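Student: Below are the chains, spelled out letter by letter.
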Amino acid sequence: MTTRLEKLEPIVGPIVIDQLRRMAEQLGSQRLVHVNSTRSGGGVAELLSSIMPLWSELGIDARWEVIEGDQNFFEVTKAMHNALQGFKVTITNGMLQHYLEINRRNADRLEFDSDFVVINDPQPAYLIQDMRSRARRWIWRCHIDASRPDRKVWRFLREAVRQYDASIFSMPSFAQNLPHPQYLVYPSIDPLSEKNRELSQEEISAVMERLGVERDKPIILQVSRFDSFKDPVGVIQAFKMVRAHTPCKLLLVGGEANDDPEGPRIFAEVQEAARGDPDIKVLLLHPESHYEVNALQRAADIIVQKSVREGFGLTVTEAMWKGKPVIGGAAGGIVLQLRDFNTGFLVHSPEGCALRIRYLLHHPEVGTRMGRLAKEFVRNHFLVTRNVRDYLALMILCDNPGHRTMAI
Amino acid sequence: MISADQPAPNPFWFHECIVMTMPTGKKAANLRELLQTLREVDESVLSYHLWQSRVAIAPPDVEYLNDFVAWAANSLQDSRLAEKLSVIDPFGFENLQEVRDNLVDTLDEYLWDLPSVPWARPGFEFHFCEASVVVLRSQISARTLSEFCQALTQVSRNSIYYHFMDARWRLRSMKTDDFSNWIVSSYDLPDLVSALQGIDVWFYTLEEVRDAILNLVSQYMEKTDDNPPRET
Numbered sequence: 001m002t003t004r005l006e007k008l009e010p011i012v013g014p015i016v017i018d019q020l021r022r023m024a025e026q027l028g029s030q031r032l033v034h035v036n037s038t039r040s041g042g043g044v045a046e047l048l049s050s051i052m053p054l055w056s057e058l059g060i061d062a063r064w065e066v067i068e069g070d071q072n073f074f075e076v077t078k079a080m081h082n083a084l085q086g087f088k089v090t091i092t093n094g095m096l097q098h099y100l101e102i103n104r105r106n107a108d109r110l111e112f113d114s115d116f117v118v119i120n121d122p123q124p125a126y127l128i129q130d131m132r133s134r135a136r137r138w139i140w141r142c143h144i145d146a147s148r149p150d151r152k153v154w155r156f157l158r159e160a161v162r163q164y165d166a167s168i169f170s171m172p173s174f175a176q177n178l179p180h181p182q183y184l185v186y187p188s189i190d191p192l193s194e195k196n197r198e199l200s201q202e203e204i205s206a207v208m209e210r211l212g213v214e215r216d217k218p219i220i221l222q223v224s225r226f227d228s229f230k231d232p233v234g235v236i237q238a239f240k241m242v243r244a245h246t247p248c249k250l251l252l253v254g255g256e257a258n259d260d261p262e263g264p265r266i267f268a269e270v271q272e273a274a275r276g277d278p279d280i281k282v283l284l285l286h287p288e289s290h291y292e293v294n295a296l297q298r299a300a301d302i303i304v305q306k307s308v309r310e311g312f313g314l315t316v317t318e319a320m321w322k323g324k325p326v327i328g329g330a331a332g333g334i335v336l337q338l339r340d341f342n343t344g345f346l347v348h349s350p351e352g353c354a355l356r357i358r359y360l361l362h363h364p365e366v367g368t369r370m371g372r373l374a375k376e377f378v379r380n381h382f383l384v385t386r387n388v389r390d391y392l393a394l395m396i397l398c399d400n401p402g403h404r405t406m407a408i
Numbered sequence: 001m002i003s004a005d006q007p008a009p010n011p012f013w014f015h016e017c018i019v020m021t022m023p024t025g026k027k028a029a030n031l032r033e034l035l036q037t038l039r040e041v042d043e044s045v046l047s048y049h050l051w052q053s054r055v056a057i058a059p060p061d062v063e064y065l066n067d068f069v070a071w072a073a074n075s076l077q078d079s080r081l082a083e084k085l086s087v088i089d090p091f092g093f094e095n096l097q098e099v100r101d102n103l104v105d106t107l108d109e110y111l112w113d114l115p116s117v118p119w120a121r122p123g124f125e126f127h128f129c130e131a132s133v134v135v136l137r138s139q140i141s142a143r144t145l146s147e148f149c150q151a152l153t154q155v156s157r158n159s160i161y162y163h164f165m166d167a168r169w170r171l172r173s174m175k176t177d178d179f180s181n182w183i184v185s186s187y188d189l190p191d192l193v194s195a196l197q198g199i200d201v202w203f204y205t206l207e208e209v210r211d212a213i214l215n216l217v218s219q220y221m222e223k224t225d226d227n228p229p230r231e232t
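Residue numbers (the working numbering), protein chains in the order written: chain A, 1 to 408; chain B, 1 to 232.
Bear in mind the hints are in silico, worked out from the structure with no lab data behind them.
Each computed EDC-like pair below joins lysine to aspartate or glutamate, with the alpha-carbon atoms no more than 20 Å apart:
| id | chain 1 | residue 1 | chain 2 | residue 2 |
| --- | --- | --- | --- | --- |
| 1 | A | K375 | B | E63 |
| 2 | A | K7 | A | E198 |
| 3 | A | K240 | A | E269 |
| 4 | A | K152 | A | D121 |
| 5 | A | K375 | B | D61 |
| 6 | B | K175 | B | D101 |
| 7 | B | K84 | B | E33 |
| 8 | A | K375 | B | E207 |
| 9 | B | K26 | B | D67 |
| 10 | B | K27 | B | D67 |
| 11 | A | K152 | A | E101 |
| 12 | A | K375 | B | E208 |
Since the model is a prediction, treat every value here as computed from it, not as a measurement.
Bound-form chain A, shown alone:
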């Protein structure tokens, strides 16, 4: 049977796979535990699903533990998540006490003795309080844009995080004032997943037909939740400016943002802006429609992610991986991924977005070149193998604190 590493080898190259094997070999038999709050749904669960088989193939004894909590607990952690992203939320002392109690209960329930523990996000952060002796090194992995966290919530969380041996952030701007080494590990995508694997033309056409998307004009696509930070209304404005000059159609694909108080209003605005326009299609898909999203991205001519606020922007990474020209809002990690005329275009307004769409429609050869460069950029920096490599390097560095250069 072909292993995942063997399947990844033709995609990332034998040098990369060989490097992972050598690093793992140098580390020797290590035990690693990842802890998060859900087995499915969301980027963290997706990453862990991709990474776990690779650990096993590399000889790392890895486990994935999921904490359990009641509805109140997850309401508190959702509020904490929003507060870390800078939103004003009310979190009472009672809510924080409940959060601590659930962490304590999980500490009693979870059974592991490990060399390394990677705790993902705030939900299980306080496990360290009761479980410190159960692992040699504790690493906190923050996937959230914590560049402007709410002071009260961060001060509460910091009490736990400061006890860790290291923390990991996704962007330099998310780093915090902490008494231990902080590392940058960019998020990644799995090229073998349903969302990113290669599809045949037949598979793509079948999905288009099933979703009722005609391919009679160039397709502009944005895949995102219908919330204000993704600016779907701005995309429609841009599209209408383009269509006044050049025939094309717009696909807005995503799900409603149920946890965003503005979500229903934004979705209503999108429907209103798209009403009566046969060239605009709004598709509400199930959150697990990865295969369909893959096909839509591969069928599109230009992919837009006109965010006005963004964490890292993995939808941009996914679009780049499909070799498409991508136009993104100049926000968060999109700025890191898209470089004008190189790996994509950055824009700051609906007008800018329209300008770049028109440019690409008239210069498809430039779009093809940018798509090729974008795919190589992703191959080198944003695939799951790089994430595994970074974790291996981190384990080596964590075991040798104080060494800025570690030769193995």
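Given chain A, work out where chain B should sit, using these hints.
Tutor: Structure of chain B alone, referenced to chain A:
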């Protein structure tokens, strides 16, 4: 010219490195803050933004020479400053303190003549980072120039970076590198060494650096039958 199969006294062992970026938490929102922070930060921060970032997160096409130039151009949108900073070649100095002095002097002089301090838009601040590095010995070595060329095509980009760029800082001599040192100690090829050290790395991606080195070494090698690199 030298025989492609003439053995060197000691083989060249290829290493590779993983550069792990470490945000310092310090940031600059305008040019004055950049200048002030540049005066204070550790040299490890300078080396990160001058060359380590090239392997940590390398664009597929090199447009700007280092992070400071890119920030001036993209975030301050000050092309004149980007042009001025582009002239500073870190490998043209004896050490990082001299590079820092030159950067600081250039920025100070530039600010002196400006009527107002240029600001980056929110979200485009300069975030100062440094790095920790894990160095791995690869399983590839070369004992002849022929093996060296074959090995160069097989090693990772990180390996090219480690031996050709990182080496200048590591060896405390900005003007030499591991490849040049090996050739100096193995063969009487001063022109090749000089040509290697003359490669203007700042405008090349690591893949292009690899090709440039291969091209140069090939020119000084008498062709014989292919000799595969040593793997142990």
